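Please model the entire structure based on the sequences and the hints provided.
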Amino acid sequence: MRDVLSPFTAWKHLFREPVTVLDPLNDRPGADRYRGFHQNDLEKCIGCGTCEVICQNAAIDMVPVSDPEDGDSGLRPMIDYGRCCWCALCVDVCMTGSLTMSNDYVWADANPDVFRFTPGVDPKPWNEEEKGYQRPGARVLASTERVHMGERTAKDRIDNFEEIVAGYTREEAMIEADRCVECGLCVATCPAHMDIPDYIKAIREQDYDKGLQLLYQTNPFSEVCGRVCTHNCETACAARHDGDPIAIRWLKRHITDEVPYERYVDLIGKPEAATGRKVAIVGSGPAGLTTAYDLARMGHKVVVYEARKSPGGMPRYGIPEYRLPYDMLDRDIDVIRAMGVEIVCNTRIGEDITMETLRADNDAVVLSIGLHLGRSTRIPGAESPDVDTAVPLLRKITDGEEVPVPEKLVVIGGGNVAMDIARSMARLQQVKHGKVGVTVTALESFDHFLADADEVRESREEGIEIFDARGPQEIVTFKSGKRKGRVKGLRTWLCDSIFDDQGRFNPHYDESDELVHPADMVIEAIGQAADVSILGKDLTEALEWTRGRIRVDVDGQTSEPWLWSAGDCVNGPDVVHAVADGHRVAQSINAMLAAKEEAAT
Amino acid sequence: MFKIEPDRSQYPAHNPDGSCDIDLSSGKYVKIWHGPNHPGITGNMSLELTICGDEVVEGRTRVGYLHRGFEKLMERRTFIQVFPIVCRVCVPEPDLNEYCYAAAIEELAGIEVPDYANWMRTLILEMGRFNSYMMYLGGQSGSLGMGVIGQWTTYVRDLMLDRFEELTGARVYHMFILPGGVRDVLPDGFAARMEETLKTAERYLDDVDKVMFQNAVFNKRTRGVGYIDPALFDSYGVTGPTARAGGATTDVRRDAPYLKYDELDFEPVTGTDSDIWARADVRRRDTRLSIDLIRQILVKMQKPGEYFAKIPNVLHWKIPYGETYIRGESSRGEYGYYLVTDGTGYPRRINVRGPSYTHAMALLERLIVNTNISDVGALMVSLHTYPPEIER
Amino acid sequence: MKDEKYTPLPRRPIGLDREELKKRTVTAPDGQTFEVDPIRDYYCQDAPKAHQRSYIKIVEDFFNWCRAESLWILGYGTGCGAIEMRPLMTPRFDAYRYGIQWRPTPRQANLLMISGYLSVKTLKRAIRSYEQMQNPKYVVGLGSCTINGGMYWDSYNTIKKLDEYLPVDLYIAGCMPRPEALLAGFEDLKKIIKAGGGEGANKYAENFEWYKANQKSVIKDWDMPDYNW
Amino acid sequence: MRALYDRLKDRFQLGELTRQRPDLGFVTVGRDHLRALLVELKDVEGFTHLVLFTAVDWLEDGQFQLTYLLNNRATAQDLGVRLMIPREGASMDTIHDLWPTAETYQRELYEMFGIDFPGSPRVDEDFILEGWTDLPPNRRDFDTKEYSEATFAERAGRESHDPRDHMKQKLYPDGE
Amino acid sequence: MSKAKALSKMTTVGEVLEAAAEFDREAHSFYTDLIPRISKNIRYLVEDLARDELRHIRMLSKLAKNPEVAAHMQDEIKRPQADRKFTDAAHAPELGDNPDDQEVLLYALAREQIAIEEYSELAENTEPGLLHDTFQFLANEERKHKADLEALYYEIVHTAAAPLRHNRQH
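Residue numbers (my numbering), protein chains in the order written: chain R, 304 to 904; chain C, 340 to 731; chain L, 271 to 499; chain D, 792 to 967; chain G, 73 to 242.
Read the hints as simulated data drawn from the structure, not as lab findings.
One or more hints might be untrue.
With a straight-line cut-off of 27 Å between C-alpha atoms, the simulated DSS-like cross-links for lysine-lysine are [what the hints assert, rightly or not]:
no. : chain 1 : residue 1 : chain 2 : residue 2
1   : R       : K738      : R       : K458
2   : C       : K639      : R       : K504
3   : R       : K434      : C       : K642
4   : C       : K657      : D       : K936
5   : R       : K347      : D       : K961
6   : R       : K787      : R       : K735
7   : L       : K293      : C       : K367
8   : C       : K538      : R       : K315
9   : L       : K482      : L       : K319
10  : D       : K936      : L       : K486
11  : R       : K711      : R       : K699
12  : C       : K549      : R       : K315
13  : C       : K649      : R       : K347
14  : C       : K649      : R       : K504
15  : C       : K370      : L       : K490
16  : L       : K292      : L       : K482
17  : C       : K639      : C       : K538
18  : R       : K427      : L       : K464
19  : C       : K642      : C       : K657
20  : L       : K460      : R       : K427
21  : C       : K559      : R       : K315
22  : R       : K504      : D       : K961
23  : R       : K513      : C       : K599
24  : G       : K134      : G       : K216
25  : R       : K711      : R       : K738
26  : C       : K367      : L       : K292
27  : D       : K833      : R       : K504
28  : R       : K427      : R       : K347
29  : D       : K936      : L       : K490
30  : D       : K936      : R       : K347
31  : R       : K581      : R       : K612
32  : R       : K604      : R       : K899
Here the structure is a predicted model, which means the values were calculated and not measured.
Here you go:
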């Protein structure tokens, strides 16, 4: 009986309040973290395409939206809602956090071809929706932290010039290489367009031979670049937006570390058959030697003329040994020599041999003389004998010549050269006086600092004081007494802003904030210039110039048909830029020689 | 209780080997298709029935209408890319797929999942189980013509879907359990809202007890119908509530505790009669157990902590050779993933072991013989089968 | 890497129709024998005809209003999306108040919901169901799968574009679309119908050959009549 | 698990035991010993529950791996029995008489992998696929994407760009 | 006669502008004379400076002819520029026979500074009105020019800052 009656209790629901949602279309927005239609912050997005790679539904296309620039491909994801499954892996993997999902979920249409749109570009009702799925916290689908590079402690390194960083072990390199998402944004930024994702992949696959071959396809200065490259690639790295950029430079170095040096030449392969054409190159820096390497591999006879005792240019004479051991530079240079390049040292153009002779004896001449003159601020007191510029000092240190090592010195400049000379001098001070007394003053504030953050950190560890946003006003000298004319210190003002609203250089000083940095010596490291006097008056007149530099076309050819110019002297200081330049010039010369050959036959 | 069934064992006449001769052209037998487009079928599957009068003399389960080739698709997706599609293997209770897959990957890749993530997973699995049972209760009563219960349970399930939505960001396919952990922590005030939902659920379950289990119609039509001999359990791979209704104590949550089940206080629900009623009853009580477990979990869960382990970059995640099997207790029975990896970035093979695979095929084909055609629906639903996990 | 050595194993196809659909000779009770070809005898041989509009606009508008306000859905859950239809039938969302209800057989329904992906095997049944529905009839595709293949875009067993095989009147995005999205979609469909759209059935009739060719190109096991009324 | 393995090792010439977890192990067995081993495990050792039965395609080795996963309910232990059979003309003895439910597994393997199980009921009947003419889809040499592209029309108008190539094309087209 | 004195005697805007143009003409011929003496690689600097002076002259004469001159000046006066520049610390060099680029720039900067100071002084010494505005305008013009030269100086001399400038472009 109970079983017959109890079902009738269902009638009590008649008196309950209805559960019906009155207006289901408007009453029920998606939950706060609901995964609805996509949104994309176009400003944040860099078009790395990682979302496309991870999408298992092939729902995402990268379509051009704006012009590419460094670190931004100009592509933006277009989402096909005929594919999407709202799994939000694209949101989770997004390198910048630009891609999110709104909590909007209603979209019906009779036309199946409309379910495709570029979030952020195409106007959609949910574009401004604030709720919805956003990645909670940091990226988790790939590590955001760079593998720490082992380095010697400040205490260990301050009294010597031995290399600081240890290089990655295989395990460390694997972990670091694993972080790369292979977007390839870095390739365009690298002046030499090195195949960065590919050689990182080679590390992941533990195929170091292939890695080395990839390196040498685009850069014969792999040992050098693996240590001191300006690594612009890392500023374009997609990983830097949410975490540390991939340590591309250290990984490059890791490849060169792992391949036995004896195998380099075998792996790179032999140059092509000799063509009988001759090319002379002035300056044995990265630009010159890269040109030489390329041309030699194409079978041309190349002679490189170097004014100094040893080849290498700035990497040898500008970069201290603790950053780039000379052995490593020699390894790179020996590989280049092995390709048949002849390097003649201690030969200064204009003195030992003239440009005219080179022109007469060769099919082409390349000028890659770098920037070996230091710039002075020319503030009052700059003419004191205790004031020197950084570049000649670094050269002297390399060549083992005597340099003055006072107990207290000030460096003017905030670039890497300033750090190099400061740290080199600090080492010499440590050896001579047992303590470090170096102050660096830079015009730029730490927000816009020129030197690498690592350099700044390591300098501080080594006891170097760095003052940012200080505009040098005067090098204070003794006005009388025994030390008349000798340096007493540097007077600076605070530079409270350096750029105006439009980003134009427009410094503003706060005169009330004045400091005098006591010093026995002031080193100016504000900039460098090329020593173009070696060209001679006639050639200087004959050449076309542009803004103080030799005018070259895109291939590095000057206005003279026989003369090319490459490297810092035309492009400003940057080692990998110089390498890229070398490639370009070599290509251009080779094309010219080939045309000549064709005309002859 | 009384049994009103006539003895159907000799109709039609069986040959000594157990087979029977069915001659369609004799006009005595009719072949009808129960599904796939039929109101009395669960999901998109079909039964090919040969009937004599209203007696079923032979039944064949026909599946494949939902076949998407998951196991093939998984082989050409990277380990992370498999994650969104595993949940699609089972629509009403997708979370167990996510868990099994994630756990298999984590085991082979040697990843330790944070404690908090494990609690979250346990919570989600129980919520999913609750939802699945709600579907079942509606389906079971609906198969016997009691439409109103389906209205209630679907409503309660929808309330739980609201909880799912605020927790995971999706209603049906939650895609919340990633290999390595879970996506997020509990939202603020979740426990209170969950408690409210559970209270509502209990109120409705009380009504279901009265209207369904204390219903003479339901009792008469289910008692003694669809009896599964416990001796057949192993031969036919019967697991889960279906087996527990026959006195077996098999429950993966107790036998081989995974996640946090060993820290929860519960006993597997069992029955004795092994008929449709017993199976419905076990599931009804298991629903209440789920409610209890959800409460326990929310109490025992610590404060939000780490919810995601460190995993390699998923874009080139390779897992060395290995094979493993991860099982979990679904609302239908033992659910498992067999995963083989071969050192590449793609799984070599993933095989999904769904309980419906054994229940709806060989077992159902055996049980269906000699039942009344009007019981077929109830019988099929009582095995709680979801076709997508048969054909994947 | 293709292994050419595979020789196919013999397969025994099954189906309701194999035996039943074959031609056979039947002896009638009066002793007369005649040949039966079930496909010819039991099924309609004529291709569907396009439905003519009424000449008077106001009448046509009235018809369209009636059609729009009584969307009867065939209760055939072809894929995942069907699970979100169930809440619509319950008091919480209560689609009935919008004139929408579910019908168990194609004859009584005028709206076919393709709830997500369609395996080839289901496509065959969906076509059959669709053709059995009476005019005017509409098709709504749910989710990514019906638009461009969805997450099964590379599966060997699911179609990608539903409109290749059936005339679709409306798509609702989502994977799967929520009940609220479905309701919004139904409202859109009503608007389309009231505006005189929703001519899918006519489109199907007019392009019958094209649809059949598409259908037959993927359904290898074509054992049904070309048109089922 | 180890004790069990030691008991059975010599009798059935088992391969090395892989202990994946304390409660899960895998052993390899030769074809001749398979049935006897399964019977022994089922009837004597208490592995009464056939959890799953499936195949793995090792295309490169020209072999199928058949995996019979058995569960001992009393001790809550699983043992996977692996068996390698050649891919070419793949065929295996049926076990549907040990576990009736294996019939379904064997139908699936027949259809999805092309492995024959002579004597298994209805093994050649269509199971999941209907009118399938290509390679059995779960074989690794069957390319589902290729098949899908060739068979099912795709919505036109999709085009994507690789960021790296796109930037190269836009910023340094000559590959400088 | 100093520039300031000469200018202070002017009474109309037209005259002031004409006189200012005259001073610029002087500068222009100074730079033009310098061109052949200087090495070719940095000749562009002097050429640029000469061109700037020329542009200045043209602008002033155009302005002098324009009846709406007052309105124009009002617009330009509203934007004061910082006049303390970092190069101020550097010596104003005597241009020798063979000056380098830094020397030329410093010389030009020093000239600009003198002009700024003079015009500013004149502006201070005149009553608010059109004449005051004119001097203010001229001072601002010179300031703008000097700011441009400052930026150029930073670019040429402080080469270490090259990457910074590069980044600022984005």
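Status of each hint after checking the structure:
The suggested pairing of K738 (chain R) with K458 (chain R) holds, with an alpha-carbon distance near 11 Å, which does not exceed 27 Å. Our distance criterion of 27 Å between C-alpha atoms is broken by K639 (chain C) and K504 (chain R), whose separation comes to about 45 Å. Between K434 (chain R) and K642 (chain C), the direct Cα distance comes to roughly 25 Å. Compliance with the 27 Å bound is thereby established for this hinted pair. The suggested pairing of K657 (chain C) with K936 (chain D) holds, with an alpha-carbon distance near 22 Å, which does not exceed 27 Å.
A distance of roughly 21 Å separates the Cα atoms of K347 (chain R) and K961 (chain D); the hinted pair therefore holds under the 27 Å criterion. Among the hinted pairs, K787 (chain R) with K735 (chain R) is consistent with the structure: their alpha-carbon atoms are about 25 Å apart, no more than 27 Å. Simply put, K293 (chain L) and K367 (chain C) have alpha-carbon atoms about 21 Å apart, close enough for the 27 Å limit, and the pair holds. Straight-line distance between C-alpha atoms of K538 (chain C) and K315 (chain R) comes to about 18 Å, which keeps the hinted pair within the 27 Å bound.
A hinted pair counts as satisfied when its Cα atoms are at most 27 Å apart, and K482 (chain L) with K319 (chain L) qualifies at roughly 15 Å. About 20 Å separates the Cα atoms of K936 (chain D) and K486 (chain L), which keeps this hinted pair within 27 Å; it holds. A hinted pair counts as satisfied when its Cα atoms are at most 27 Å apart, and K711 (chain R) with K699 (chain R) qualifies at roughly 19 Å. Between K549 (chain C) and K315 (chain R), the direct Cα distance comes to roughly 12 Å. Compliance with the 27 Å bound is thereby established for this hinted pair.
Between K649 (chain C) and K347 (chain R), the direct Cα distance comes to roughly 25 Å. Compliance with the 27 Å bound is thereby established for this hinted pair. At roughly 21 Å between alpha-carbon atoms, K649 (chain C) and K504 (chain R) fall within 27 Å of each other, so this suggested pair holds. For the given pair, K370 (chain C) sits about 24 Å from K490 (chain L) by alpha-carbon distance, which is consistent with the 27 Å threshold. For the given pair, K292 (chain L) sits about 22 Å from K482 (chain L) by alpha-carbon distance, which is consistent with the 27 Å threshold.
Between the alpha carbons of K639 (chain C) and K538 (chain C) the distance comes to roughly 19 Å, so the proposed pair stays at or under 27 Å and holds. Between K427 (chain R) and K464 (chain L) the alpha-carbon distance is near 26 Å, which keeps this suggested pair within the 27 Å criterion. For the given pair, K642 (chain C) sits about 33 Å from K657 (chain C) by alpha-carbon distance, which is inconsistent with the 27 Å threshold. Proposed proximity of K460 (chain L) and K427 (chain R) is supported: the alpha carbons are some 23 Å apart, at most 27 Å.
With a C-alpha separation of about 24 Å, the suggested pairing of K559 (chain C) with K315 (chain R) holds against the 27 Å cut-off. Annotation: proposed proximity of K504 (chain R) to K961 (chain D) holds, straight-line Cα distance about 25 Å (limit 27 Å). At roughly 47 Å between alpha-carbon atoms, K513 (chain R) and K599 (chain C) are farther apart than 27 Å, so this suggested pair is violated. Note on K134 (chain G) and K216 (chain G): the hinted pairing holds, with a Cα-Cα distance of about 19 Å set against a maximum of 27 Å.
Between the alpha carbons of K711 (chain R) and K738 (chain R) the distance comes to roughly 10 Å, so the proposed pair stays at or under 27 Å and holds. Between K367 (chain C) and K292 (chain L) the alpha-carbon distance is near 20 Å, which keeps this suggested pair within the 27 Å criterion. For a cut-off of 27 Å, the pair hint linking K833 (chain D) to K504 (chain R) is broken: about 49 Å separates their Cα positions. Of the supplied pair hints, the one linking K427 (chain R) and K347 (chain R) holds, its CA atoms being roughly 19 Å apart against a limit of 27 Å.
For the hint linking K936 (chain D) to K490 (chain L), the alpha-carbon distance of about 18 Å falls within 27 Å, and the restraint holds. This hinted pair does not check out: K936 (chain D) and K347 (chain R) have alpha carbons roughly 34 Å apart, beyond 27 Å. With a C-alpha separation of about 24 Å, the suggested pair K581 (chain R) and K612 (chain R) falls inside the 27 Å cut-off, and the hint holds. Using a Cα cut-off of 27 Å, the hinted pair K604 (chain R) and K899 (chain R) holds, with the two alpha carbons roughly 16 Å apart.
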